[in-house]
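Visitor: Can you build the whole structure from these sequences, using the hints too?
Residue numbers (our numbering), protein chains in the order written: chain A, 299 to 652; chain B, 360 to 444; chain C, 476 to 845.
None of these hints come from the bench; they were simulated from the model.
Incorrect hints may appear among the rest.
[What the hints assert, rightly or not] Lysine to aspartate or glutamate pairs mimicking EDC-like chemistry, simulated, CA-CA at most 20 Å apart:
(1) C:Lys581 with A:Glu502
(2) C:Lys477 with B:Glu403
(3) C:Lys477 with A:Glu502
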Amino acid sequence: MSEETVNIEGAVCALPLPHVEQIVMGHGAGGRMSHQLIQKAFVSAFQNPALQAGDDAAMLQPVPGMQLSISTDSHVVTPLFFPGGDIGRLAVCGTVNDVAMLGAKPLYLTAGFILEEGLEMSTLQRIITSMQMAAQEANVQIVAGDTKVVQKGKADGLYITTAGVGLIPTGTNISGAQAKPDDVIILSGSIGDHGIAVLGARGELGFQSTIQSDVAPLNHLIEAMLDASKNIHVLRDPTRGGLATTLNEIATQSNVGIMLDERTLPVHPEVSAACEMLGFDPLYIANEGKLVAMVAREDTESVLRAMRATRYGEDAVIIGEVTAEPRGRVLLKTSLGSTRVVDMLAGEMLPRIC
Amino acid sequence: MCLAVPGKIVEIYELGGLKMARVDFGGIFRETCLEYVPEAQVGEYCVIHVGFAISLLDEKDAMESLELLRQISDLEEELGTEVAS
Amino acid sequence: MKYVNEYRDAELVHGVIAEIRRTVTRPWTLMEICGGQTHAIVRHGIDQLLPPEIELVHGPGCPVCVTPLELIDKALAIAASPSVIFCSYGDMLRVPGSGRDLFSIKAQGGDVRVVYSPLDAVKLAQQNPDKQVVFFAIGFETTAPPNVMSILQAQRLGLTDYSVLISHVRVPPAIKAILSSPQNRVQGFLLAGHVSAVMGYWEYPPLVDEFKIPMVVTGFEPLDIVQGILKTVQLLEAGKVEVANAYSRAVSFEGNQPAQKTIKQVFQECDRKWRGIGMIPMSGWGLRPEFDAFNAEKRFNVEAIQSEESPLCIAGQILQGMKKPHHCPAFGKSCTPENPLGATMVSSEGACAAYYRYGRIELNQQVEQV
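Guide: Set out below in structure tokens:
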């Protein structure tokens, strides 16, 4: 079926409508409509040889002597667009970051889309463009994908699942299990921005703010850090569950203790204000463009310097240290000098009245 | 029962027959009902609980008692009193 | 944030603590009866900084925790109804009824929504005339003015699809019940600052006279809390039995008159069951009969449901300050925030949840003081 305007004068047979405005079930059927959607919406945006080859899988060249890092994520955020980003940028950055946290150079991503019947084509286009821009910024290619369409009401607009692959130089041993007592803990910037930005955009709690999500690809920052030090033991991005949950995971994996200093935790005043109002703790709120690193003490200065000279690391600060005891526990020294335990997030964080 | 935070009134208006205000909680803004603190003016601070102002903050009282505490704190420093930490 | 940061000033807080240290000559047991204060004390580690003579016990100050089991079960039944949009403050969602909570109702398809303000529930009623909007109106006195305003507003707007399920509790009868108990160890009370912002503190002198125990209106920031403690200790050491106000920037003796008037217009005192404690006479507020049209208990036919507490849960004794969370055999084992057996573990202001989350007990056992 041609995309040009059809002259229907004198026609006796109803021609199927071109459906260029919205996603309909036919787009997921695998036939011509699907093909056209893929060509026009996806392939033309994610321009690369693998996709243009048109096969069901991408052929990639392995690199001898390198190890692979592979990760996958599903993205179901609502609303689809929020201050500072959208589900597309989130999808690309989320997987780029997960892959990079092992010290890998992320190279290739796949993207699976579940589209809701009735989704505006313009919305899809915006999201795809955002993904391509994020991919370009991260210097990765989206080389394979899939689209399915589900009935209205079954997908919140759209869901995206991404998988990513990267190369880890041999000899790299960065993992949540590698934290060592006396390591210094460095955080790349303020916590709580993404979670509060999305909560505000949802509008259910009725507050307005100018907080922007921090969603960003961190692989270049990590590269700069790895250039500055061979003694980075742990890298992780504190996403759902916040910094507190991430640090607890690492403390358990490495069987070490962690001591944080409350006075050094960077929180935007607006994020702080939102948390006070709702009864939230910034330590538990999601971040999408921050990383925490555990570094051998002697390399602290060089890593900090490298971070502060790189995009997304300008506000890097030391927030604490790894200790031998208590194993598997995260402690916090409050601004008053007392100490308390910082637990993992249990269940969903709910606004309180008490 | 008591999660209430201070907020500054930046605008007062009427909505659905109720006296309402736009309140600044330190960069976060929210619609707040002023029916229980009708005398509150733009620029003043209230204690706000679940979207309602329940009390007007007495700035003079607050400043005075903080100042008093600061003086005591300074005096202790001068006297070399050990502060527990 | 103005009016917040100044009251977290470490130097000023330590100055007041030093004064407490200088003042105290013997052990004193003080009770605070506000979930928000429990939370603040544990979060900032204030009890760690106080001299050992001061023991802080936590009273039944969490409205989420004391909402009676039967009412939670009624809420669950109403929320499960397909024509209902059930609105609640966030922390109620996880409170267990007899085996289920609002989260599980939501998972089964119930339309359960968190609202920040009761006026948001009224908005939902306006926007969904084909549904019944039910608001779970719980709280102490602080939350009563907002809750009643939602009813008056619904009335003003002529809404027939809005009703409230009420579980309001009052502080003075709770204090009386605690002090009347033969096992009472409490020697001084920190009064809930925001309850007092609404109600004033004119209700307390008769209690002070009856039980000969000083009571001090106290705020929520660290500086407010230690000032409240200091004032209470000063009164105790001087043998003075009176009510004092350590939160004067927000609280006056008469309290918020328009709020009290409006509460009286819509609510009347009634007997109220406190989960874990039992019936405290005239300790609650319920809707006056002229507002029956907005009473969810009357609108929905929720039969007397068989309610069953976990036999292991000692929330009642904890709420009365007789036991601490770590005295409970289930604490941290079969009862955790992910799997709470009783309300004090569910609400983040509940003493058990606060103790668990901030690891009070582990700290004492495992870690040297920093």
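Visitor: With reference to the structure, classify each hint as holding or not holding.
Guide: Going down the list of hints, with the structure as the test:
For the proposed pair Lys581 (chain C) and Glu502 (chain A), the alpha carbon gap of about 17 Å is at most 20 Å, so the pair holds. Of the pairs offered as hints, the one joining Lys477 (chain C) and Glu403 (chain B) holds, with about 12 Å between alpha carbons and a cut-off of 20 Å not exceeded. As the CA atoms of Lys477 (chain C) and Glu502 (chain A) are separated by approximately 26 Å, the hinted pair breaks the 20 Å bound.
In terms of the numbered hints stated before, the structure departs from hint 3 and from no other.
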